[in-house]
Every structure is written in C-alpha cells, then in structure tokens.
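Residue numbers (my numbering), protein chains in the order written: chain A, 1 to 164; chain B, 1 to 369; chain C, 1 to 102; chain D, 1 to 667.
By construction, these hints were calculated from the structure, which means they are not laboratory data. The structure displayed is predicted, hence computed values, not measured ones. Note that CB positions come from ideal geometry on N, CA and C, so glycine has one too. Incorrect hints may have been included.
[Stated by the list, open to error] DSSO-like mimics (lysine-lysine), calculated; alpha carbons at most 27 angstroms apart, straight line:
{"hint": "1", "chain 1": "D", "residue 1": "K601", "chain 2": "D", "residue 2": "K579"}
{"hint": "2", "chain 1": "D", "residue 1": "K107", "chain 2": "D", "residue 2": "K190"}
{"hint": "3", "chain 1": "B", "residue 1": "K94", "chain 2": "B", "residue 2": "K51"}
{"hint": "4", "chain 1": "B", "residue 1": "K153", "chain 2": "B", "residue 2": "K328"}
{"hint": "5", "chain 1": "B", "residue 1": "K94", "chain 2": "B", "residue 2": "K83"}
{"hint": "6", "chain 1": "D", "residue 1": "K450", "chain 2": "D", "residue 2": "K159"}
{"hint": "7", "chain 1": "A", "residue 1": "K92", "chain 2": "B", "residue 2": "K94"}
{"hint": "8", "chain 1": "D", "residue 1": "K640", "chain 2": "A", "residue 2": "K92"}
{"hint": "9", "chain 1": "D", "residue 1": "K645", "chain 2": "A", "residue 2": "K92"}
[To be verified] Here's a subset of chain D near chain C, in silico, CB distances under 8 angstroms, partners left out:
{"hint": "10", "residue": "L443"}
{"hint": "11", "residue": "Q647"}
{"hint": "12", "residue": "V650"}
{"hint": "13", "residue": "L651"}
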Amino acid sequence: MKAYDVIFYLFALLTVLPAIFSAFHPNILYAALSLFISFFGVAGLYALLAADFVAAAQVLIYVGGILILLLFAVMLSKNIYGATFQEEKKKKIWPSLLGMLFLGVITKIAWTTHWSEALVDNLVQPTTARIGHQLLTDYLLPFELSSLLLLSAFIGAITLARSK
Amino acid sequence: MPLPELLKELFSTWPLFQHMPLWFLSLGCILGLLFLFVFPFAGVAVYVERKIAGDIQARIGPNVVGPYGTLQWIADAIKLLFKEDIIPKEADKKLFILAPAVIFMSGSAAFAVIPFAEHLVLTNLNIGVFYLIAITSIVTMGIIVAGWASNNKWSLLGGLRSAAQIISFEIPVALCLMTACLVAGSLNLSEIIDAQATFRWGILHNPFMLIAAFIYYIGALAEVNRTPFDIPEAESELVSGYNTEYSGMRFAIFFLVEYAECFVISAIATTLFLGGWHFPFLDLSTASLALKMPLQIIFFMTKCIILILIMMWIRWTLPRYRVDQLMKLCWEVLVPFSFACFLGTAAWMVIFGGKGIPELIAGLLGFGS
Amino acid sequence: MAVGLSHFLMVSGLLFVLGIISMISRRNMIGVLLGIELIMNAAGLNFIAFSRYIAQDLSGHIFTLFILIIAASEAVVALAIVLRIYQNRATISVEAVGEMKC
Amino acid sequence: MLEKVLWLWLTPLATAIILLFLGKRLPRRGDWLAVMGLGLSLTLSLSFLLELFQTHTFEWREQMAWLSLSGLSISFGWLIDPITILMLCVVTTVSFLVHLYSTEYLKGDPNYARYFAYLSFFTFSMLGLVLVDNLLWLYIFWELVGLASYLLIGFWFEKKSASDAAKKAFLTTRIGDMGFFIGIMLIFYKTGGLLTYDDIFKFVAQGQFTGEFLGIPILTLAGILLFLGAMGKSAQFPLHVWLPDAMEGPTPVSALIHAATMVAAGVYMVTRLYVLFTPEAQLFIAYIGAFTAFFAATMALTHTDIKKVLAYSTISQLGYMMMGLGVGAYVAGFLHLVTHAAFKACLFLCSGSVIHATHTQDMREMGGLKSKMPITFWTMLIATLSISGIPFFSGFVSKDLLLAGCLSFVMEHPEHLLLALFAFITAGMTAFYMFRLLCMTFLMPAKNLKVIDHAHESPWAMTLPLCLLSGLSFAIFFTGSLDGAGLLQVFGSWHDWFNEVILNPAPLDEAHGNAHGPAMALSLILATGGILLSYLFYLKKPELPQRLAQNTQAIYQTLIHLYWIDELYQKIIIQPLLKLNTFLADRDNRWIDQKLVDGWKPLTTQTSKGSGHFDNIVIDETLVDGSAVVVSTSAIQLRKIQTGKVQQYVLMAIGAFCILLIAVYFL
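Could you build the full structure based on these sequences and the hints that come with them?
Take a look at the structure:
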C-alpha cells in the first residue's frame, strides 16, 4: 500500500463519515458542522488530485462562506433554547433504501466500466496560473456569465431578505 | 512499509507538500518560534499592552509582580492554567469543547505559510495568500460555534455579530491582498517578498498600494475583532461576547489566539506590503546563511512588532464603533475603495509596465537593481 | 488494489447518495440545502477526478470552480428565501409551505 | 462604407436604448439626443443620395455569417441600391422632422423620454427593414416595426381606446404576417434554403421554381402569401380595419408610421420582390389595390374626424400604389410611395398642428382657422393640392404615372375595365374629400367660437417640418424639372432620374406612353371636378351636404358606419359561429329529437324495453360503471403522486433514474 493510498483512505473517511453523520443526524446544527468537516475532506481529496487552487477555493467558499451562512440561517431561524428537531426517521427509510440501490448501481458501473485511465506520474505542477489563463481565454464567456450570476444572486438576496 | 519511508513518500506524492524545501528544518525552527516566541509573545504583549494603556491614560499600569510588574504575565498565565474549567450545565458540551479547538487550529494553521526568513517557512505554498484567506475565515466557524454552544444570548449575539463582521471585512481584506499579489505577480508569499527586494516595498509601489495597505490594516483589525471594531465582545453591550461562558484554559486559548492573530495579520502586512525580511539598500542575497537568517528574522519581527504596537496605540485611543457604523464602513467605504485600488493598481501595472515608483525613481537617478 | 479513478468515483457516489437522502428526508429547509451542497461537492469531486485521470487538463478544475460559484449564489438566494419564509410563518418546514399546491 | 452604414443604422438604436434607460435623467429628457441622432442618420442618407446623383448608379452589399447549422447557413447582409437609398432618405427625413415636431407636440407628457425612445427604435427597425438583403431578416424587422407601431399606438395606454387600438393593429397585421411567413417558408423550402434576394431572383430567373398546388403554380401562391403580409402592414382590404383605429396614437406617430413609412413597407416589399410575382399574383395585387383605393376613398367622404379622414385617405393611396404595382407600373407605384410620404406626412403634421391648437379632432367644431394659423393653412393647401393631383405638385407626377399605367393595362386587357374605373373615380373622390377637409377646417366660418378663440399658430419646431415637407410636395424634386424637359434642372442633366433609379426588372413599355395623355387629361378633369364640387358643397352652399345626406340616407349611413366592416367581422366571424351553434342545437332538438327520434318511439319503446334490461345490467353496471370505477380508482391512486412536494418528486426521479440505469447497463 502506497502513501498515496493511505492519504486517499484518510481523506475518504474524513469525507464520508461526517457526510453520513450529516445526512442522518437529527440536529440540523450538528449536521451542518459535520458537513464542515466533510468539506475539508473533499478539499483534501482535491489536493490529492493535484487541484491545489480548487482545494483552497473549496475551503474559502464552502467552509468560510456557505457554511457560515448556513449556520447563520440555522441560528436565526430556530429557537436556540428549546431547540426542537423533528423526528424524521420515518421519512428516511425509503430514501435510504433507494440510496442503497442507487449506490449499488453506481458502484457496479464504476467498477465494471473500463476507464481509459491515463494518469502519468508526472511532477504535479501548480495550477493557479494556468486556471487563470484558461478562465480569461477559453472560458471567458462562462466566467463573465458567472459574475453576472453572482451579481444577480447578490441583488436578489438583498431584495428578498430586506425587511419591508 | 516502514514509517519513515511512508512519510517520505507521503511528502513526495502529496502535491501540496512538494514545494517544501528544507521542510524538517523549517518545521523545527517554526515550531520553536511558535512556542518560544509567539505564544509567550501573547503574554508579553498583554504586559506591554497594559503598560501602554497605562501610559496613554496617564497611570502606571502593572507594577506589583516583579520589577516594574514585568512578571505580571506569568502570574496571569498561572492563574488561567489553574483556574477551574467550568462548562455550563445547559451548554452543548461537545460543541463547547470543540469551538476553542477549531479556533486554535485555524489560528495556528496560518503560521504554516508565513515566511519568517528566506527558507524559513513551513510550507512554501504556491497559493500561500489564498491559503491564508481561506484558513483565517475558519475562525468565524469557531466563534459562531462558541457563541451557540454557550447557550447564552450574549454569547450567541456576539458570535453572530462576529460572523457578520468577519465575513464582511473579508472582502476588502482579500481584495487588498489580491492587489498586492497583482504587484508581485504571484500568490506565493516567498516570491512576493522576493519581488519587494530591498527598497521596492509593496506599499511604495504606487499610490493605490499605499491606500490598499491602509485598507488592509483596518480590515484586518476588524477581522480579528480588535478595538475599535471589537463589537462581538463589547463589554458594555454583550458582557464579553462569545467567550462570556468560557473560563480557565479555554478562555486562555481564545486569549492566546487573539494575540496570535494580531501577530499573523501583522506578519501578512509585513510580507505583502512592507517588504518582508528586506531592509532598504541592504542586499543580503550573497551573505552566508548564518548571518542572513538572524538578520532577516530580526527585520521581519521588527516590522511585525511595530505594527502590533500601532494596534495597541489604536486600541487605547479610539472609541468603539456601533454595529451599523461598522457595516457601513465596510460596505460603503472599504469595499469600494479596495475595488478602486485593485483596478487602479491593474491600470498602473499596464501603464508603467509593472514598474513601481521606487524603481522609476531609481531609473531616473540612474541606479537601482 | 491501488487507488484509481473508481475509488474517487465511489467516494463521490457516496456523497451523492447521502446528499440525496438528506435532501429528500429533511423537513428543515436548511437540511435540504445541506443535501444540495453535498450533491454539488460530489459533482465537483467527479469533475476533478476525471480531469486528473482521463482528461489530463484543467477543464474539470474550471467546472468545479463554476460549481462553487453556483453553489455560492444558490446558497445566498436560498437562505434569503428561507429567512423570509421564517419571518412570515415562523417555520421553515418544507411541509408547511404548500399553498401553491392545488 | 460599412462604418457609414452602421452609423446610419445603429445611431437610432443607441439613442433608443439610452433614452429608455436614462431618458428621465437627461436634460430636457433627452429629446435633443434623439433629434441629433436622427440628424446624423439623415445626413448620412443624404450623402448616399448625393453620391447616387453623381454616379447615377449605386450598389453595395456586405454579408456576414449569422447562423450556420449543418448544411444550412443563414447570413446577415446589407444591400444598398438606389431603391434602398430612396427609402433611407424617405425614412430618415420624415423621421427627423417628426422627431423635431414631437419635441413641441408632446411637450410636458409624463412619458416624454419613452416616446422618443420608441420613435428612435421604430426608425432603427424601419432602416433595418430597408437595409437587409434577405427575407428572414426582412421578416424580423417587419415584426419589429410592428412592435414599434404597437408600442406607439398604445403610447397613451391608460386610455382604453388606445390600448384596444394597439392590440387590434397588432393582431390584424399578425394575420397578414402569418401569410407572409408561410410565403417565406414556402420559398425557403422550394429553393432549397435560399433566403437572399439575389439568390432567389436568380433561382426564379432560371425557371427552376416549379410545382403546383391545387392547380395554382407554387410561385403564384408564394407571391400571394407574401402579399398577404403587405396587405396587413399596408392596410389593404380586408385587413384595413386597424389603420383608422391606429389614429389613437399621437399624431406625429400617425404621420411617421401610419402614413409615410411603416404602412409603405408593404409597397416597398412588393417593389423589392417584384420579380417573384407572377402575372396572376400581380392581378390579385391590382384588384385588391384598386378596390381598396376606391373603397377607402368612399369612406373618407363622410367622416368628420380629421385624422380618420386622413387615415382613410392613406389606405386609399396605398391601394393606389398596390394597384400600380399590380398593373406593372411599379416605378409609378414606388414614386407614389415617395411623394405620398412627403405630402401625407405633411397633412398629418398639419392636422396635428390643428389638433394641438384646438384640442379637438372633430372637423365640425373647427372652421375659420385660416387667419389664426396661416402657416399651417398654406402648407396644408400645398399638400392637399399635391394629393389631389394638381399639376406642378408631386402628387400629380406620381398619380398621373399610376393612372397612365392602369389605363394602358386596361387597354391591353379590356376585361379588367373595373380597375380603371376604380382608379379614376378614386382620383375624383380624393380631390373632393381632401378639399372638404380643408374647407371644413380652415375656410368655413367658425362654428365653435370657444375652440377657435384660443387657437394660435404652432411654435417653430412644428411649423418648420410643415414648411419643409410642403416644399417637398412640389413636383420639381421628382421630375428633375418643371416641365419634364429640363427648363429648371435641379439634378443637372439627369432629369427623369427617378425612372432610371429604380428601373430594375424591366423598362416601361410603349403602351404606357400612349396612355399617358388621356390619363392625364382624365385625371385632371376629375380632380378639378372634385375640387369644384367640394367648393360648391362646403363654401358656396353649406346646406347642400345635409340635404344630400338626407336624400341618400342609405348610402350616407353605410359610409358613416364604414360599410359596417367592424360590425361585419363581428357578425360574419364571431356571431355566426355562435349562431351556428344555437342553430344546430335548435335543429337537433326540433328535427332530430322531436320528429325523427320521437317518431320511432313506439317501435323503439318495445325493443328498448327488451334491450333495456340487457343494457342496464351488462353495459351500464358492468362496462360503463366498471370502467368509470377503474378510471376513478386509478386516478385516486395516481393523484397521490402529484403531491406538490419537491422532495417526493426527487425521490421518484432518483428511483426512475435507478431503473433507467439498471435497464441500460444490466439488461
């Protein structure tokens, strides 16, 4: 077993276990916080896959931005004292069974498909400059569109959340 | 596979660790710096801060323990360590314990990329600046959790205030950092320092960079909740904010991290705007390592300490902002100005071919690099 | 067995399934959002894995960045909606807002 | 060249966009911007015209790829030839003057900036319509001018009549446009994907366009379908009903869109695609045109709303143009478009000036305005003389050519005598109703002193366009000389320039020359007669019209009610359907039910009693009720799926996806 594998399993566990926790824990705050750890795991997997910039962006945006917003919303929308969380166990049975089925199918496909894997063990190069270059050349239009999207989301959120 | 080989391979395969020259040496040095200098520094800083406060307010300050009260901080540390660790009954225990850990983790993780001297950096990340922005934003998480877990309305309000404040001020701060990266042409902190060799400091590069440096400093003050932006722990409004319910060692961690963070933001400012370990017209590139490293550490630390002293000066001079004023300052002043700085610097880079004012003057006078 | 593409696909499949479960079974709107974030992460992980193992270029990275952008906008707008609903109804249960149903 | 064209074309669009978004913040609400933008366009079009006069010929085209699919590529292209240049000049001139005029006319309107934005947008669309070189883009701009027209008719949308009129205009023209689009698609299909004018012309010239449908050649069918579009846009019978109602829009808009430019787009289109129209299609055009001309003129005789009279007059004149095109005198038709644009715009703007002064549109309230508004009167007189076909005025030149063309056609094909009859009677009627309008408005003694008292001449921004347009109503600009032989040559040695400019498909034939003399004489006599008659009716013996109306009550009522066309549509399309339904129900009830069915009663009672039991038990209770039970139970079950809860939908989607995956990969 190589180090790469060790790291992979480490991060995979770090990703999946909190994700399971997040999907099944009745307390929404705990779910959100375990998601936070899971996202760290995903960032680690990104780094393992030589995507250093995306890994940092993952931490910055998901952990530093989205999750904090989520926590914010949790705290603003719940009574923090008698924090009551509904029992959702019943609702979980069907989705879980279906999820198992889906996972089985996915697993089967992932393992039986012959991927034309072409991973060359080349020296991993920093990606930031190349991503920047590609964003401003090949992907310029989607890039600009996404800025437009962010702007409209920004305005939309302000309009929605503003008290009348 | 034996452990050393596993580790070796680990560091050679994991891309983030590939850019780590002299890793183990650096690790040792920096851990040394961390434990021998930065953490005690928090204690020393408390003493210094109290003395400065005393000076500013025309009183004496600590003067009982030790000569001139110099041992006061040790007494404080001992008191904190031996105090009873209280967890409130209604608190969410797991999260209550987790929160200081998260804060401590993110507070110390920031040190991983700070270049104290040439080669004296834990991980010479090629996206160092980005990493810093990302890792410091995690502190917010800890603060929110701390506020929530305490099950106390002052704590929760403090946590929420702090989260709002940090998220908001992250924007001008990140923009100013990006401005500096634009000038240096890299996200790697060591390369950024190299680009500011001797007299070409980032802050002098162009007028926009000067403004950006100030915006960064103000924004960073807010990000670490220092006065005049310490509304999350405003005593008059929220008792002590998110750490109201904490005591003993856990409180000490909050305390420690606050000072460690002060040091981190000063170090970042030094790295990005004040030329890092460079001293004007003192070219150390040919000097021997034994001479170079101590000198560089001294230069770097001096700059940081000056910035920290300014922080203390500000803290004891200015009154606290109100919440709405704070947000207004961020969104209506700092964000537009930092955008302007970013665009202005970009325009400057295009117009002057990347040369800054020092270089231009040097070119005019006929000397320089 | 050496870690390859399939391992990453497995992890992302797991994340996806967990996201779906969370999305379907949560009564709390924020819980639904958590599920969606998980699904997006699964997609991002797939993109990066394929980009590393098959495409050998940066297109997957860029797609993942766009996913991050979309996730951010989605979270912002969705949370604004959630807070508005909470202001109006004092509940954020997905089952409580069913007026549009005929 | 391309830059020039783009400046000419896109400046109005730019001003429209700026005004739409920033208009309210600009000083004077940005009207100067629109006027200056149009000024730039006008200057550029005039420079093209000058170039045309120097070189006597002009052709410029440019294409760029717009849409390329596999095996099909549609280009976007500009084509500038003399016809285009003339149209550009007409559109920009009238539009510029209307913009200038509107700065006064619309002064103080709360939506002043929006008005100018729409006006500029219209100009942009109209310029695009004349500049493009293929059918698809023609159609696109065709619809855009329709949109602009809709917006401008409904500009005062808070008035119900205005918003109704806008809707009516939009929907009525849409009927024609459907035909137009089907025609384009027919051509596209038959030519194998050609859309550019030149390509289609070549295709048709090579005789490749064959095929029949129900015994009609496809080309004829396509021509008639294309003409349907022109019928809608140019308000030809029976789609003319929208134009009079469109007068609900501001008067300058009527002058620009519903007199000078947009309604002439149909004529322009027919001229442009002239070679596509087979003789049969042309005959169709001629009959529709001639009938419309006559029909609209009769309606104009009795109307008392000053703008509606002008609207009917416009329909009538458009009918003239169409008739000219139909009988082969397309030079005359197009010339009439140009001259008509000038004098009809002038007439509308004059009427606008009158309305501005008197705040009423009813001619019965006016009268005696001559001394109050001298400039308006004199310019309107010139334009009226022009439209009536008096020598030395532009209307005479074009109308004379039209009538001559019609006469020569009829001389060749005597079976189509009706065309000439319509044409000449209309000429007389035109003179009559136009002078009637003039007399009632300006010359008759004032009837309503309150209205007249505060009437005053309009400011310069309104009178200047009037003067310029009435100046353009003189014949001299169109014949190149006063007498056609070069006594006073405006355009150097190139007299008869108009003829040469658009001599595209075929030169005029000889017969035309022969018919010229009689036609001129006849039209002059008729015009003079019309003028004299109106003089008699409205100045000499003002009581005559009353008596005449009483004596011919039936005709008068018909005219007053516009032949009951609107009622007719209501009656023949909407009510018949309703009636048919009640009729059928009634017949069903009375004949089938009562007679047929009841008649069989004795027989059926017995049989039905026998079968009744069978029916009751087997059919009803088992089959019918059984199937109903099946349906309702399954519906109740199925309804459970439609919960309106997104989470369940996701659950089902995932389940379905699983099944799909399994089916694809494992079965």
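Structure-based check of each hint:
no., hint, verdict
1, K601/D / K579/D, "30 angstroms, violated"
2, K107/D / K190/D, "52 angstroms, violated"
3, K94/B / K51/B, "38 angstroms, violated"
4, K153/B / K328/B, "25 angstroms, holds"
5, K94/B / K83/B, "21 angstroms, holds"
6, K450/D / K159/D, "25 angstroms, holds"
7, K92/A / K94/B, "25 angstroms, holds"
8, K640/D / K92/A, "19 angstroms, holds"
9, K645/D / K92/A, "16 angstroms, holds"
10, L443, "67 angstroms, violated"
11, Q647, "5 angstroms, holds"
12, V650, "6 angstroms, holds"
13, L651, "5 angstroms, holds"
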